[in-house]
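Peer 1: Construct the entire structure; sequences and hints are all you get.
In our numbering, the protein residues as written are 5 to 363.
None of these hints come from the bench; they were simulated from the model. It is possible that part of the hints are untrue.
As the list claims (entries may be wrong) - Across the chosen pairs, the derived CB separations fall in these ranges:
(1) Pro205 / Arg131: 21 to 29 Å
(2) Lys273 / Ser139: 19 to 27 Å
(3) Asp85 / Thr41: 23 to 31 Å
(4) Pro185 / Glu219: 31 to 39 Å
(5) Glu181 / Asp98: 18 to 26 Å
(6) Ser162 / Ser118: 44 to 52 Å
(7) Ser118 / Gly306: 49 to 57 Å
(8) Thr41 / Thr116: 32 to 40 Å
(9) Asp227 / Ala68: 47 to 55 Å
(10) Lys280 / Gly158: 23 to 31 Å
(11) Ser162 / Asp276: 43 to 51 Å
(12) Pro122 / Lys273: 45 to 53 Å
C-beta atoms are modelled at their ideal positions from N, C-alpha and C, and glycine is treated no differently.
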Amino acid sequence: MKLFVLPLFVASALSVSLTSATAIAGGEQAAVAATKTPPVPLLWKVSDADSAVYLLGSFHLLRADDYPLSPDIDQAFAGSDKLIFEVSPQEMFDPGVPQRFMQRARYDDGRTLSQVLPGDLREKLNRVLAKNGRSLSQVDALEPWFVNLSLVLGVSQSMGFSPQLGLDQYLMRQAAEAGKPALGLESMDSQLQIMDSGPLPEQIKALREFLDKPEDVPGMLDDIHSAWRNADIAKLDEKARLEMKEKTPETYRMVNLERNEAWIPQIQKLLDESKKGDSLVVVGTMHLLGDDGLIERLRGKGYKIERICSACSIGTPDVALPIEVPRSEGGAAPKAEKPASDKPATEKPASSKSVPAKA
Numbered sequence: 005m006k007l008f009v010l011p012l013f014v015a016s017a018l019s020v021s022l023t024s025a026t027a028i029a030g031g032e033q034a035a036v037a038a039t040k041t042p043p044v045p046l047l048w049k050v051s052d053a054d055s056a057v058y059l060l061g062s063f064h065l066l067r068a069d070d071y072p073l074s075p076d077i078d079q080a081f082a083g084s085d086k087l088i089f090e091v092s093p094q095e096m097f098d099p100g101v102p103q104r105f106m107q108r109a110r111y112d113d114g115r116t117l118s119q120v121l122p123g124d125l126r127e128k129l130n131r132v133l134a135k136n137g138r139s140l141s142q143v144d145a146l147e148p149w150f151v152n153l154s155l156v157l158g159v160s161q162s163m164g165f166s167p168q169l170g171l172d173q174y175l176m177r178q179a180a181e182a183g184k185p186a187l188g189l190e191s192m193d194s195q196l197q198i199m200d201s202g203p204l205p206e207q208i209k210a211l212r213e214f215l216d217k218p219e220d221v222p223g224m225l226d227d228i229h230s231a232w233r234n235a236d237i238a239k240l241d242e243k244a245r246l247e248m249k250e251k252t253p254e255t256y257r258m259v260n261l262e263r264n265e266a267w268i269p270q271i272q273k274l275l276d277e278s279k280k281g282d283s284l285v286v287v288g289t290m291h292l293l294g295d296d297g298l299i300e301r302l303r304g305k306g307y308k309i310e311r312i313c314s315a316c317s318i319g320t321p322d323v324a325l326p327i328e329v330p331r332s333e334g335g336a337a338p339k340a341e342k343p344a345s346d347k348p349a350t351e352k353p354a355s356s357k358s359v360p361a362k363a
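Peer 2: Below, the structure written as structure tokens:
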């Protein structure tokens, strides 16, 4: 599902560009929230001898009834001196961003959407656009990736999902209210570059997936959202990461692999800076999944990994996330050298429990 893997900034920029949705303050979220139980958190604690980083898997678009959050997240937030997002709030809400975003979405080499799309796809797109009183000529200057994500976002917002209600933006507001620093793992321009650099065949393939069966999109979005709410890691991995890896491998490399590789040294630096307190890192859930995700990469470097989930059943601690292939012919991959100190890691929050990853 595209919205599950969509970089944080792009989801928000699409909303600003295409809708008139307005942000809902944290207090208003609580007022309109339904009686659902809080989502089961996708939260891990990564620690060395004297510091910890909490990794939280986000869903960038949520509904009002996805609040309040789990007490586990509240405790991780309270115990962290700073929050780290994919992009800092300062960059994400820069007033000049929507214009820069739309510049990326448009062709700058004389081509048009009509020229790059196969004839059958042009017809299907025209039919979908006509249902909303639009036509292909109105989007002809836009690239396929933008049209595809715009269509999916339009469906999601008709279902009550919104980036302003997303876990990232909620925690950004919480950080501002608490006076906690909120930083970014990458720049806004780097996210735009990623979306604008996808191979054209993969952009068209993703658009075709929507246009072939647009009526299936609401159910797909509901399924992936339900899996996130229930912390169904196996289903999330199958429907998001593995599906993307199989269908659009180059896009997967740029969106997931390269960014994970770039983020690991930054997370290690947070752990090395023991005197600066613990940190809460909030990223799209796909970045935590599988053998190439942040959890397994950090596990391989010798850090202690704990699942924080008081709503889950008690189980064996430090269980690896599911991976689709063996790491080596001889068994498990060798672990890197442990961090320098052998002292026990800091204690986890009182309400947390170490459980299997397949919660």
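Peer 1: Each hint needs a verdict: does it hold in this structure or not?
Peer 2: Hints, verified against the model:
1. Here the CB-CB span from Pro205 to Arg131 is close to 23 Å, well matched to the stated 21 to 29 Å.
2. Separated by about 50 Å at the C-beta atoms, Lys273 and Ser139 break the suggested range of 19 to 27 Å.
3. Judged by the Cβ atoms, the range 23 to 31 Å given for Asp85 and Thr41 holds: they are separated by roughly 29 Å.
4. For the pair Pro185 and Glu219, the beta carbons lie near 45 Å from each other, so the given range of 31 to 39 Å is not met.
5. Hint check: Glu181 to Asp98, Cβ distance near 21 Å, so the stated range 18 to 26 Å holds.
6. For the pair Ser162 and Ser118, the beta carbons lie near 26 Å from each other, so the given range of 44 to 52 Å is not met.
7. Checked against the hint of 49 to 57 Å, the C-beta distance between Ser118 and Gly306 comes to roughly 54 Å, which is consistent with it.
8. In this structure the supplied range 32 to 40 Å is violated for Thr41 paired with Thr116, their Cβ-Cβ distance being about 49 Å.
9. The hint said 47 to 55 Å for the Cβ distance between Asp227 and Ala68, and at roughly 20 Å that hint is violated.
10. In this structure the supplied range 23 to 31 Å is violated for Lys280 paired with Gly158, their Cβ-Cβ distance being about 42 Å.
11. In this structure, Ser162 and Asp276 meet the distance hint of 43 to 51 Å, their C-beta atoms being roughly 46 Å apart.
12. About 47 Å separates the C-beta atoms of Pro122 and Lys273, a value consistent with the hinted range of 45 to 53 Å.
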